[in-house]
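K.L.:
Here's the letter readout for the chains.
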Amino acid sequence: MSTWKRAFLYVIRKKVKTVLLFCVLLAMSTFILTGLSIYKATDDSALSLRRSVGGSIRLELDESNGANWQYQQAAGGMMVEYVGTPITDKDIQKIMSIDGVKAYNGIGDGSVYAKDFDFISGFSFGEGSDYSRLPSVTNSEYFNFFTRKAFQLIEGRHIKEDDDHAVLISSAVAEKNNLKLGDTITVQCCYDSGDYPDVKLTVVGIYEYKEDTDSFQTTSTDKRNRLIIDHKAMQEIMQRDEIQYDNGIDFYVDDPREIDRIAKEIKNLDLDWNCFSLTVDNSAYEAVAASLTSMQSLIVWLIVGCIVVSVCILILILSMWIKQRRYETGILLSIGITKSKIVFQYIVEVLLIAVVAFGLSYFTSSLISQGVSDLIFNQVAESQPIPEIELPDDGSEYLDITGQYIPYDTSNMEMVESVEVKVIPNHLLYIYVFGVFLVVLSVSAASITVIQMKPKKILSQMD
Amino acid sequence: MSIMEIQKVRYSYDNKRNVLNGISTALDEGKMYAILGQSGCGKTTLLSLLGGLDSPLDGQILYDGQDIEKIGLANHRKKNVAFIFQSYNLIDYLTPKENVALTAKLSPQPILERVGLTEEESKRNVLKLSGGQQQRVAIARALASDAKVILADEPTGNLDEDTATEIISILKECAHQMKKCVVIVTHSNELAKQADTVFCLKKGRLQQL
Numbered sequence: 001m002s003t004w005k006r007a008f009l010y011v012i013r014k015k016v017k018t019v020l021l022f023c024v025l026l027a028m029s030t031f032i033l034t035g036l037s038i039y040k041a042t043d044d045s046a047l048s049l050r051r052s053v054g055g056s057i058r059l060e061l062d063e064s065n066g067a068n069w070q071y072q073q074a075a076g077g078m079m080v081e082y083v084g085t086p087i088t089d090k091d092i093q094k095i096m097s098i099d100g101v102k103a104y105n106g107i108g109d110g111s112v113y114a115k116d117f118d119f120i121s122g123f124s125f126g127e128g129s130d131y132s133r134l135p136s137v138t139n140s141e142y143f144n145f146f147t148r149k150a151f152q153l154i155e156g157r158h159i160k161e162d163d164d165h166a167v168l169i170s171s172a173v174a175e176k177n178n179l180k181l182g183d184t185i186t187v188q189c190c191y192d193s194g195d196y197p198d199v200k201l202t203v204v205g206i207y208e209y210k211e212d213t214d215s216f217q218t219t220s221t222d223k224r225n226r227l228i229i230d231h232k233a234m235q236e237i238m239q240r241d242e243i244q245y246d247n248g249i250d251f252y253v254d255d256p257r258e259i260d261r262i263a264k265e266i267k268n269l270d271l272d273w274n275c276f277s278l279t280v281d282n283s284a285y286e287a288v289a290a291s292l293t294s295m296q297s298l299i300v301w302l303i304v305g306c307i308v309v310s311v312c313i314l315i316l317i318l319s320m321w322i323k324q325r326r327y328e329t330g331i332l333l334s335i336g337i338t339k340s341k342i343v344f345q346y347i348v349e350v351l352l353i354a355v356v357a358f359g360l361s362y363f364t365s366s367l368i369s370q371g372v373s374d375l376i377f378n379q380v381a382e383s384q385p386i387p388e389i390e391l392p393d394d395g396s397e398y399l400d401i402t403g404q405y406i407p408y409d410t411s412n413m414e415m416v417e418s419v420e421v422k423v424i425p426n427h428l429l430y431i432y433v434f435g436v437f438l439v440v441l442s443v444s445a446a447s448i449t450v451i452q453m454k455p456k457k458i459l460s461q462m463d
Numbered sequence: 001m002s003i004m005e006i007q008k009v010r011y012s013y014d015n016k017r018n019v020l021n022g023i024s025t026a027l028d029e030g031k032m033y034a035i036l037g038q039s040g041c042g043k044t045t046l047l048s049l050l051g052g053l054d055s056p057l058d059g060q061i062l063y064d065g066q067d068i069e070k071i072g073l074a075n076h077r078k079k080n081v082a083f084i085f086q087s088y089n090l091i092d093y094l095t096p097k098e099n100v101a102l103t104a105k106l107s108p109q110p111i112l113e114r115v116g117l118t119e120e121e122s123k124r125n126v127l128k129l130s131g132g133q134q135q136r137v138a139i140a141r142a143l144a145s146d147a148k149v150i151l152a153d154e155p156t157g158n159l160d161e162d163t164a165t166e167i168i169s170i171l172k173e174c175a176h177q178m179k180k181c182v183v184i185v186t187h188s189n190e191l192a193k194q195a196d197t198v199f200c201l202k203k204g205r206l207q208q209l
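Chains as they are written, first to last, in our numbering: chain A, 1 to 463; chain B, 1 to 209.
Calculated from the structure, these hints are not laboratory results. Don't take every hint at face value.
Cross-link-like lysine-lysine pairs, in silico, DSS-like; alpha carbons within 27 Å at most [claimed, not checked]: (1) A:Lys15 to B:Lys16; (2) B:Lys203 to A:Lys457; (3) B:Lys123 to A:Lys457; (4) B:Lys8 to A:Lys341; (5) A:Lys94 to B:Lys203; (6) B:Lys79 to A:Lys5; (7) B:Lys202 to A:Lys454; (8) B:Lys148 to A:Lys457; (9) B:Lys123 to A:Lys17; (10) A:Lys15 to B:Lys148; (11) A:Lys341 to A:Lys102; (12) A:Lys339 to B:Lys79; (13) A:Lys17 to A:Lys90; (14) A:Lys341 to B:Lys16; (15) A:Lys14 to B:Lys123; (16) A:Lys17 to B:Lys128; (17) B:Lys128 to A:Lys14; (18) A:Lys341 to B:Lys148; (19) B:Lys128 to B:Lys31; (20) B:Lys105 to A:Lys339; (21) B:Lys16 to A:Lys457; (22) A:Lys454 to B:Lys16; (23) A:Lys339 to B:Lys70; (24) B:Lys148 to A:Lys339; (25) A:Lys454 to B:Lys8; (26) B:Lys105 to A:Lys341.
What follows is a list of derived Cβ distance ranges for each label pair [what the hints assert, rightly or not]: (27) A:Tyr432 to B:Leu127: 31 to 41 Å; (28) A:Gln452 to B:Asn75: 50 to 60 Å; (29) B:Ser24 to A:Ser340: 26 to 36 Å; (30) B:Lys203 to A:Ala27: 56 to 66 Å; (31) B:Thr197 to A:Val355: 52 to 62 Å; (32) A:Phe22 to B:Lys8: 48 to 58 Å; (33) A:Met1 to B:Arg114: 45 to 55 Å.
Just so it is clear, the structure is predicted and the values come from calculations on it, not from any experiment. Note that beta-carbon positions come from the ideal geometry of N, C-alpha and C, so glycine has one too.
Start from the sequences, fold in the hints, and give me the full structure.
P.N.:
As structure tokens, this is what we get:
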């Protein structure tokens, strides 16, 4: 009689043991399959979230190195002038060639008076304080105010790299001045040190900003007065020959998980690091993905725990059963069946049950995985602190035109509140491959004590 | 003609006192042997050594002129010898027919009928058979293996007198008609009287009576 037939007969005739082992294997594979499915679902969600919120690396002029800055006495007080190496388009291209960098946004800085329209007036310190600062950007879609959802484009389009004298204005300024898309506004640089022309800008988009409208603001700190323009317009406003990225350049990465590697590669580039500094900003992803990350680590521990507990239970049950089967082992040995064939029979018996149990776990896991995922997700989400970004206490968040200190408006962001879990056949394949390995491991471990005994000893214990 | 030879076999459980002290003898096909002796004298040990369930400390056991260690003990158990135990040692989840089929080189049913089991009985659960019937199944299993040597350890120990007589007659038939070498370990003088040759194992020595 073949080993396979003996194993088959054992499985169908020892019904209680078969049912018990079936339940253990079904529970084991269901939990592991559920864990795998939830892990995969959270991994997919995390990937899509990472891609949607992105991450950025800012290359900027190093303010901490005093050698790069020259102080001069001017009519209005002290003037600070940057005398170090400027950031050039060549530097930008070097960084853009690094794998994983998808876009960049250079930010220029200027201040202007409104010539043929009015800003939202803020607290006035005296005559001439009714001006606003304006950033020039390469691509406003990547501008921090938009990526952090502080500004939301409600009409028109974003500013692109090839725009010429385009501007985005707030809905508050648009409303106050009855401006609409396609209208033009005129601005003039408000610096004392030179003659600056009036510059006409065409409104290509209108954004909405709802925060901080009631708090203490001057005209220039009120973010509703931000005019977001392209670099060509800034060149004319500031009367410069070249684009100056006074507020640095943000480089955006495909996957924030890669951000440290990319930052390291940028650091290795041949750039003048005496004049530039690099800042990594991964906070958007961290702010919204904390619960996903926690859930993933929890799931990994659950899967590992499930496997360890399952293997322990399996070894324990099988050890007891195989010890009970010493009698049979002795008989089989006495008729010349080798120990390896006897262990193989035990393995085949468990595998015959496992094949059915693993297959059924596809359905049981499909039934419970979404519920388990929601339960774990809620638990994890509840234990997560509300994400907050530490703001500087020197008031620079009011003055900063780059949006660097704008907290993420997580209420408007696409937060992950649950993940859609789907059990896929590939996971079942993992269960089969891994399950077979676990079964072989468990049966072999459980058989050790009996298999180490000499046939005569086993038979003498029988009588 | 000798099918098995025992040559100066020594065995000890603790390496101090020899249970088998350099015994030698030859066993022929077509004969039934009985080994008598008190409990613990080493009868079952000798049977285990003949059957390749254990190895002697010294000496050799030959099957058809070849050392069974060289044949391989598992191979020897599979091809050359068959065991019959006092407690029958049948596998409880197999029917009598399937138990016989475990070793079968021959078709199980005719053998089962030859030892007195009907076709209906050979399909039952073995645990539902009487002791005598179970021992018949064990004998049928030994015969089905087509081994030349049958080693029986107290084969009638658990049976009533009438059944024991029937079992002995089957074993005699195995030896005399089927030309097997049957070696029986027993306490029973009555059973020993049925054998062609009787040995007594005493103080590690094998004496022919």
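K.L.:
Determine which of the earlier numbered hints do not hold for this structure and return their numbers in increasing order.
P.N.:
1, 3, 4, 5, 10, 11, 13, 14, 19, 28 and 33
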